[in-house]
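**Q** So the sequences go chain by chain: A and B.
Take 17 as the starting number for the first sequence in our numbering and just add one per residue.
Take 54 as the starting number for the second sequence in our numbering and just add one per residue.
Everything labelled a hint here was simulated from the structure, so no lab data went into it.
Glycine is no exception: its CB is placed at the ideal position from the N, C-alpha and C atoms.
Please note that the accuracy of each hint is not assured.
Capping the alpha-carbon separation at 35 Å, the derived lysine-lysine pairs in DSBU-like fashion look like this [stated by the list, open to error]:
| id | chain 1 | residue 1 | chain 2 | residue 2 |
| --- | --- | --- | --- | --- |
| 1 | B | Lys620 | B | Lys633 |
| 2 | B | Lys697 | A | Lys110 |
| 3 | A | Lys121 | B | Lys697 |
| 4 | B | Lys425 | B | Lys277 |
| 5 | A | Lys122 | B | Lys425 |
Quick look at which bits of chain B chain A covers, simulated, 3 or more residues with Cβ under 8 Å [to be verified]:
| id | segment |
| --- | --- |
| 6 | 280-292 |
| 7 | 301-307 |
| 8 | 311-317 |
| 9 | 523-530 |
| 10 | 685-698 |
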Amino acid sequence: MSFSIRKSLHPGLNLGEDHGDDRLEAETSVFGFWVFMMSDLVTFGMFFAVFATTMPLACCPGPKELFDLGSVAWQTAFLLASSLTSGMAILTLKQEHASRSASTKKLVFWLLVTVLLGCGFLYREISDFIAMAAAGGPPTRSGYLSALWSLVGLHGLHVTGGLIWCLVIVAGIVVRGVDHRWKLTLLRWAVFWHFLDVVWIAIFSFVFLGGLL
Amino acid sequence: MLDAIFGRLTWDSIILVQAVEQPNINTFITAGAAAMMPVGGVMIVALLTWMKWWKPLFEWLTSVDHKKIGTMYIIFAVIMLFRGVVEGMLMRANQAVGLNGGFLSSDHFNQLFTTHGTNMIFFVAMPFLFGLINIIVPLQIGARDVAFPRLNQISLGLTAAGGFLFMISLMVGEFSTGGWTGYPSFTGRLVNPGVGPDYYILAIAISGIGSTLTGVNFSVTIYKLRTAGMSFMRMPLFTWTALCTSILLIFAMPPLTACCAMLGLDRFLGFHFFTNDMGGNLMNFINLFWMFGHPEVYILILPAFGVMSEISSTFSGKRLYGYTSIVAATMCIAVLSFTVWLHHFFTMGQSATVNAAFGVATMLIAIPTGVKIYDWLATLWGGRIRFTAPMIYLCGFFVLFTIGGLSGVVLASPTLDYQLHNSQFLVAHFHNVIIPGVLFGILAGIHIWFPKIYGFRLMEGLSRITAFLWAIGFILAFMPLYQTGLMGMTRRTVAYEDPALVPWMIVSGIGALILGCAFLSILLTIFVSVLNRKKLMVPIGDPWDGRSLEWATPAPTPEWNFAVLPKVDCRDAFTDAKAKGTAYQPIEKYEDIEMPANTYYGFIIMIMASGLGFGLVWHMWWLAIASLLGAIATAITYAFLPQKQYIIPAAEVREIDEAWRRSAREGRGITRDDEGNEANQGLARPDNITNP
């Protein structure tokens, strides 16, 4: 097949020439996932828009009583750090896995660190949800709380999905090695994971900081 | 214990039981419809067993071939169209005798207009168009399949799961009574705690996710899989409109998913998104729904415009007039479609300035649409026009769709809309754009592309009768509603008290009867054509002197579409090749072709999605959870299973392809005079007229 190198480039981190045929299919596969992410971004946009139209009611606790900015800062730190380590995983993939026989240890290490950080994020987020419910702010109290819980919860659900996906990939490369398909899956997962970071930054600034300022 | 297993499903939920316990005309009608499903099911099972068709059936259900998936979409849509037409006829019959109350109860009537709308939009129009897009787009861009064949199968599975939930509501429980738009708080838990709105939410959300994935799949297919030389400005118009529709799907389906999810959270978990109290705001639902709902209108109409473009150039034997302007107009419509959603609720209390802005944006859409109509008319000018079924649809479209578009401009004026909104005038307007626009496009598209996939043409005479029946039925059924709307009759009315409306309603009822005949006429056309298929064969594959790549293949098209991927260096590539005499030249070198193997992925996802939906509707939590976990486990399992391919050896491809090319070179072909005759073997000979 005579693909020029330029033609096989796609949005996101490219594997490079050394990977031979592996990178050719990536153009379609990763591009398709970017398109899907755009669609998902619109879904988040809708939840943001609905959140923006609601206001805390006098009956129930508002941002000042419910938000623990320290905990949210920890969540941010966990998620941003996990994005960095997921980037390290993809760099490892690009630099060390052009040949199929390369050791998977380093790659698996970075992926597991990412999972660990992701779990840290989820732990703190769930603790915050429990604390909010205990402080009289469950989602059934008001429209504002419904919008808040579902926006943040939708992101949390995405993170959970991303973690399960990452573990499946780890299992896959341990069982089958870093073959063509797992490479593509990793590239798509990386897009997903960075996307969740971007959404979280919006949630952090718009929901938490915006609510307290 | 039983509650844990069956949730809120009880013996009385089953419609047939209701008919026995409370016998009246309403329960009899629903029970009759409900009985059709088990009876039909038993008949289908018997037929499959009798004809030994089980194995072929599963070969179809597990296929990832875009042509087979497209066909399944269309079969699904035809079945649903049957239900939709019957519901429409029932409503028109009820209104024809509806002075001081018809024969239907108001609750039954409410369910009818809800199911009719939901069905026609989500389970008829969209699957029809997805079917056409699936079948034709890869052929038109010179590809062997779509970008993600297995995802394509999953999209079909999700659409079918939505359809399953929709159909099962006919047998067990009830459907929503809130209209196809399902506004809360009427569909909220407080007002409507039953299963109806749950069926509605889950059916459209599940099929909506399938539609999103279809949009992703086809945008990537068109961006990435075009054959060598097929630049954007060389793509056939149908592919262009499919691209615009895919982009609209990507951006317009998420608002629907979001508003369904929020309404679901309100109903299932007691959230306050759209409730009347505790800071809920139902306007959020209405805004989200129409942010989806308005682009949806263009998701439906754009591919129909694409078909009309193909008809106007192919059936007048001319290059499309103003190609660039039609492409620009299509893109304009796609962009503008996101800026007009508020015109669906001018009367809900925004300021006059906001209404004016959206009114002007709405009227703007008439401009690119008008550009297209003039381009198609100009294409016909001086061409070698054949007044066959597709041309009848096109002419019907010119006249009737333009009227519908103009009534849309009337509705776009907020001042007039205050008078007309929620009246029969609106019902007349949207049927006037959807039937002569979308449906005519679909039926014409099926007529012209049918021989491509199945190898034989549809009977020309019967197709013409069908086309006229649709046009006349439409005019009689819906033109009177403009008048009754202006007389003040509201939409969704089960009974009325003004005797002056009666004649109009009777005319409209007669029109509905003719539309029913038009539907039967479609089935009859297909049935008779299948019986006469020997006489209608077009093995060379080019029965209409086509212009784009899909006609450069045999009919029926082999599973690999193109033995060797074609190269393109101009618009209307196939017409160009025929003019140069290179269309059927022998090919030197054939290569092995790798095709994706059949898989059960989509089929399993369909079952899981149906189980999830049904479990949630009836609060059978074990079923919902098991289905959800099952779907996740399926996805993980398939990530580990090898993606099977199968190889078609070059020798086999060579044998079939060379035989086809040889018979095309040796054949004499027919001029357009013989297009409808038995002489038409799918090989075109130039007419003795000069193209202007």
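**Q** Each hint should be assessed against the structure and marked as holding or not.
**A** Hints and how they fare:
no.	hint	result
1	B:Lys620 - B:Lys633	14 Å, holds
2	B:Lys697 - A:Lys110	26 Å, holds
3	A:Lys121 - B:Lys697	29 Å, holds
4	B:Lys425 - B:Lys277	27 Å, holds
5	A:Lys122 - B:Lys425	58 Å, violated
6	280-292	violated (count 0)
7	301-307	holds (count 4)
8	311-317	holds (count 4)
9	523-530	violated (count 0)
10	685-698	holds (count 5)
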